[in-house]
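Q: This is what each chain is made of:
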Amino acid sequence: MANVNIKPLGDRVLVHPLEEKEVKKGGIIIPDTAKEKPQEGEVVALGTGKRDEDGKLVEFTVKKGDKVLISKYGGTEVKIDGESYLIMREDDILGIIG
Amino acid sequence: MANVNIKPLGDRVLVHPLEEKEVKKGGIIIPDTAKEKPQEGEVVALGTGKRDEDGKLVEFTVKKGDKVLISKYGGTEVKIDGESYLIMREDDILGIIG
Amino acid sequence: MANVNIKPLGDRVLVHPLEEKEVKKGGIIIPDTAKEKPQEGEVVALGTGKRDEDGKLVEFTVKKGDKVLISKYGGTEVKIDGESYLIMREDDILGIIG
Amino acid sequence: MANVNIKPLGDRVLVHPLEEKEVKKGGIIIPDTAKEKPQEGEVVALGTGKRDEDGKLVEFTVKKGDKVLISKYGGTEVKIDGESYLIMREDDILGIIG
Amino acid sequence: MANVNIKPLGDRVLVHPLEEKEVKKGGIIIPDTAKEKPQEGEVVALGTGKRDEDGKLVEFTVKKGDKVLISKYGGTEVKIDGESYLIMREDDILGIIG
Amino acid sequence: MANVNIKPLGDRVLVHPLEEKEVKKGGIIIPDTAKEKPQEGEVVALGTGKRDEDGKLVEFTVKKGDKVLISKYGGTEVKIDGESYLIMREDDILGIIG
Amino acid sequence: MANVNIKPLGDRVLVHPLEEKEVKKGGIIIPDTAKEKPQEGEVVALGTGKRDEDGKLVEFTVKKGDKVLISKYGGTEVKIDGESYLIMREDDILGIIG
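Residue numbers (this note's numbering), protein chains in the order written: chain P, 1 to 98; chain Y, 1 to 98; chain X, 1 to 98; chain E, 1 to 98; chain F, 1 to 98; chain H, 1 to 98; chain L, 1 to 98.
Next comes chain P alone, as it looks inside the complex:
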C-alpha cells in the first residue's frame, strides 16, 4: 500500500476499499441485499487525533494496515493518484478482520 499524502482530520481515518475479487479465502462476502452493503478495506492513514468528552487525546483502536469491514455509506469518497479512498470516522468502522 503506497504512502498517501493526506492526514485525515480528528477521529477520521483513510481507508482503501478492496475490490471484492481481492478478498482472500475466509474473507467477508457482503450480500448485495444488505441495505448498508458493507465492504472490506485497508486502513491507510490515521487521523490527527481522537478526543474523549473532556478533550483528552484517545488512542485509535485500528492501526495502519489493518483489514477492516466498513459500511460504504459512512465515508466521503476521494481519488488520490487515480485510486479510490474513503475518509470516515473511526467509529463508523464495523470491525477488524483477521
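Since the hints were made in silico from the structure, they are not lab data. One should not assume that every hint holds.
Simulated restraints, written as ranges between beta carbons of each label pair [to be verified]:
#1 X:G82 <-> L:E53: 48 to 56 angstroms
#2 Y:G82 <-> X:N5: 24 to 32 angstroms
#3 E:N5 <-> H:Y73: 18 to 26 angstroms
#4 E:D81 <-> X:D52: 35 to 43 angstroms
#5 L:V58 <-> E:N5: 34 to 42 angstroms
#6 E:D81 <-> F:K63: 45 to 53 angstroms
#7 E:L57 <-> F:K63: 53 to 61 angstroms
#8 Y:E59 <-> X:N5: 18 to 26 angstroms
#9 Y:G74 <-> E:G98: 47 to 55 angstroms
#10 Y:D54 <-> H:D52: 41 to 49 angstroms
#11 P:G74 <-> Y:G82: 23 to 31 angstroms
#12 X:K64 <-> Y:V58: 20 to 28 angstroms
Per the computed footprint, the stretches of chain Y lying under chain X, defined by three or more beta-carbons under 8 angstroms from a beta-carbon of chain X, are [what the hints assert, rightly or not]:
#13 50-60
#14 75-84
Backbone N, C-alpha and C fix where the C-beta goes; we use that ideal spot for every residue, glycine too.
The hints should help you fit chains Y, X, E, F, H and L onto chain P, whose structure is shown.
A: Chains Y, X, E, F, H and L alone, transformed into the frame defined by chain P:
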C-alpha cells in the same frame, strides 16, 4: 460455532442469527406481525471494547456463546464463508435467552 | 405467572400484557380513541441492570409481579411458548397499578 | 377527588382534566384556535420520583390537589372507573392556577 | 396590568401580548413578512423557577412588568378573563425593550 | 449608528444589516447563488449575557460597532423606527470583518 | 495568498477553494459521483477560538496556509474582492494534504 476471523469494533458484537427451525422447545417464537420482527441468535464475538461517558472501558453484559434475542433491523448483515451474521451495538440486543 | 427463560438486556423489562377481560374491578380501561392505546400488564422479568449517566447501577423502580400500565407502542413483541410478551425500556412504563 | 389506584412512573403525574363548564370565574378559558388547546385539570397523583442529571431525587413542583394548566397533547389518556385521566411528565404542565 | 391567578411552571413566563396600536413611539414594529412575526408584550408572571444543568435555581433575566419582544410561535395561547396571554419558556424571549 | 432601545436576551445580539451598496472597497460581496446568502451587518447591541454549560457568564466575542458577516436565515427580523434589524444568537455570526 | 480582512467566529476557519487545475501531481482528485464532492482548498484564516465542553480554549489542528480537503457542502460561500471563499467549522475539514 466455528471461530470467525472478525473482531467487531467498539461496543459492537457479532451475532449468528438462528434459523427459526433451530429454535429448541421453550424457545422464543416471534410473531411475523411484530413490526421489528425480533430473532434468536448466538453471540459469536465481542467488540474491541465498550466505553462509558468518561471513556473508561466497561464490561460487556453478554458473553460469547450466549443465546440472545435481537431486533433484525438493528444490525449490519455480513456473510462469512457463506454463513450470514449480524454486526450490531450490544445495546440493540433485546435480551439473553436461558 | 410461569417463569420465562429470558433476561431482558440493560434497563429493559419483560411485560406480559393482560387481556382487557382479565382487568379486575377498579382496573384501568383504556379508551380505543387514545392515540397510544395504553394497556395493563404484569412485570415478568427485570433487565440485567439499569445505569445512570456515570455508569453506576441503579435500582429498577418496578418489581417482578407488579401490575403496570404500558403504552403498547413502546416495546418489541415476542411470543414465548405461545404466550405474547413485550420487551420495553423501564422508562416507557406509564405507571404502577394498585 | 376519589383516590385512584395508580402510581405514575418516574417524573410523571396523573391529572384529572376538568370539563370546561367546571371552570370557576377567573378560570382559564382556552381559545379553540390555540394549536395546542391547553386545558385545566387537577393533579391526582405524583410519580415515583423525579431525578436530576446525577440521578438524585428532586422534589415535584406541583402538589396533589393543585389546579393546573396542561397541554392536552402532552399526555397519555387513560380511563379509570369510567373517569378520564391523563398521565404526563411534570415538565409538560404549563402552570399552576390560583 | 391586573394580577393573574396563574403561576407558570419551571422556566416558563406569562406574557401579555400588546396590540400593535398600543406600541408607543420608538416601539418595535415587526414586518409582516418576517417568518416568525415577533411581537411586543409585557411580562405578567415569572415561573416557579429556572434550574441550570446541575438542578441549581437560577435567577430569571426578565422581571415582572418588563416590555419584551417575543416570537409568537414560541408559546401556548391561553385566555384569562377574556384577555389573551402566552405561556412560554424565558429562553424564547428575543429581547427586553427600553 | 443611533442607540436602539432593545436589549437582546441571553446570548443573542442585535445586528443592523448593511445594504450591499454600503459595503466599502475590500468588503465582502456574497454571491446570490449561496444558499444561505450571508450578509454584512453592524453589531448594535449585545445580549444580557452568554453562559457556558455550567451557567457561568462568558464574554461575548464580538463588540458593539463590529462589522460582521451574518447568515440572513439565522435571525429574527424586527423593524425599529422604520429601520430593519436582526436578532440572532452570537454563535450564528460567521465572522468579524476588518 | 493575499491577506483577507475577515476573522471567522469561534471554531470556524476561512478556506480558499483551489480550482481543480491548480491541483499539483499527487493531488487529490474528487470523483464527480461522490455525493459530497469534496474539494481541495487552502486555510486562509483561523477563527477567534475553539472551546471544549468546559469552555476552555483549544488549539486549532490546522494552520494558516495548510492545504486541506473540504466537503463543499459544509461551509458558507462568500466572495471577497471577487475571490470565492468558504467559511466552515474546523471539524468539517476532512483532512490535511501533504
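Q: Give a verdict on every hint.
A: So, going through the hints one by one against the coordinates:
no.	hint	verdict
1	X:G82 <-> L:E53: 48 to 56 angstroms	holds (51 angstroms)
2	Y:G82 <-> X:N5: 24 to 32 angstroms	holds (31 angstroms)
3	E:N5 <-> H:Y73: 18 to 26 angstroms	violated (52 angstroms)
4	E:D81 <-> X:D52: 35 to 43 angstroms	holds (37 angstroms)
5	L:V58 <-> E:N5: 34 to 42 angstroms	violated (55 angstroms)
6	E:D81 <-> F:K63: 45 to 53 angstroms	holds (46 angstroms)
7	E:L57 <-> F:K63: 53 to 61 angstroms	violated (32 angstroms)
8	Y:E59 <-> X:N5: 18 to 26 angstroms	holds (23 angstroms)
9	Y:G74 <-> E:G98: 47 to 55 angstroms	holds (49 angstroms)
10	Y:D54 <-> H:D52: 41 to 49 angstroms	violated (20 angstroms)
11	P:G74 <-> Y:G82: 23 to 31 angstroms	holds (26 angstroms)
12	X:K64 <-> Y:V58: 20 to 28 angstroms	holds (26 angstroms)
13	50-60	holds (count 5)
14	75-84	violated (count 0)
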